[in-house]
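Undergrad: The hints should help you fit chain G onto chain B, whose structure is shown.
There are 2 protein chains.
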Amino acid sequence: MIQKYPSAILENAVNEFAKLPGIGRKTALRLVLHTLKRTPEEVENLGRAIITLRNEINYCKICHNICDDEICHICGDLSRDTSLVCVVENIKEVMAIENTGQFHGLYHVLGGIISPMDGIGPGDLQIESLIERVDKESVKEIILALSTTMEGDTTNFYIFRKLSGREVKISVIARGIAVGDEIEYADEITLGRSIVNRVDFNDTLKL
Amino acid sequence: MIQKYPSAILENAVNEFAKLPGIGRKTALRLVLHTLKRTPEEVENLGRAIITLRNEINYCKICHNICDDEICHICGDLSRDTSLVCVVENIKEVMAIENTGQFHGLYHVLGGIISPMDGIGPGDLQIESLIERVDKESVKEIILALSTTMEGDTTNFYIFRKLSGREVKISVIARGIAVGDEIEYADEITLGRSIVNRVDFNDTLKL
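Residue numbers (the working numbering), protein chains in the order written: chain B, 17 to 223; chain G, 17 to 223.
Identical copies go unnamed one by one, so any copy, or any two together, can satisfy a pair.
Simulated crosslink set (EDC-like; lysine to aspartate or glutamate; CA at most 20 Å straight-line):
1) 53 - 134
2) 53 - 105
3) 108 - 85
4) 53 - 72
5) 178 - 153
6) 20 - 93
7) 53 - 109
8) 108 - 167
9) 42 - 27
Hints in this document: simulated from the structure, not taken from any laboratory.
Isolated chain B, as found in the complex (with noise of 0.2 Å):
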């Protein structure tokens, strides 16, 4: 169906909302509606906040997280223990990691996975820049934190064939049964690995 807006103004702010993620022109023209009713100081705060973030963003030139300087408040962070780093996909997963309170070594963020159905091969990820810190820093493990996913699986096999021959031990966090959930609704997939990948009882007492 074809909509016919009454104004090319409002148009083209649908238009640009609905070029967001998830969101469609209905769902934009609710948010156009909604924008309307705002003050015109709240909605320049929302579309200045939009090209600021987009303009004056910077990227720890370390770890690749997104911060406000050179180098983020992790890898700023003197009390981390730097021989330990996270590898994950992106900010969001350094974000859940964090919240968990179980980590305290740096992250190093590859800005994706690679995944040839979206045209996202090694080069396009932080890999290479991965290598030369365990190169040049004091790394004594690398844990990898991807989805798992075929594609998080094939990242991870990339980044271990990479890594060879270094002296640096490689990780990869722990796949089994969610905490909370019932066994009989468990994948077989993931029920086969936590039997095969079972710990030691006395392990998890410690916990």
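TA: Below, chain G alone, put in the same frame as chain B:
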């Protein structure tokens, strides 16, 4: 869970996106990360479209529909029937009715409906200007096309009372079983009304 963002610019953009209706902090972060992957020009276009929208949009002096000029393209269309005015809540309903191709009169956009729960009274809506239109222009019929909710009914009744004593026909859009709906799943009130307001079968053959 308190989210710690690695950048104040990023956090500000997340906050601004999260002020939009239906967008939570997780979605806002997803929108922000998507924004960072777009070109500066694309992002500038989005930001400017939002600011321009709020600052430069106009409302039609006659029907209060959104437009770019003083008068909207519907009120400015000389081929339309100026004796028929359809009262709607918002621009979305104008677009929906225009898409049916069944209405060739003019509109009057109230800008909402009477809703004491949301603090919206008759004074917040374009009701006085509707009365003025009836008094000054040669309006023969007012079609009330508001939501079939309690708020819509209240607003309908308020307008009906305000227009009492004037020589204008007041009609309301038909309520009944939606085209394509199965009778057994229709709610009782709608089904009851559709029986009470049954129409001559001969009349349906003309559509």
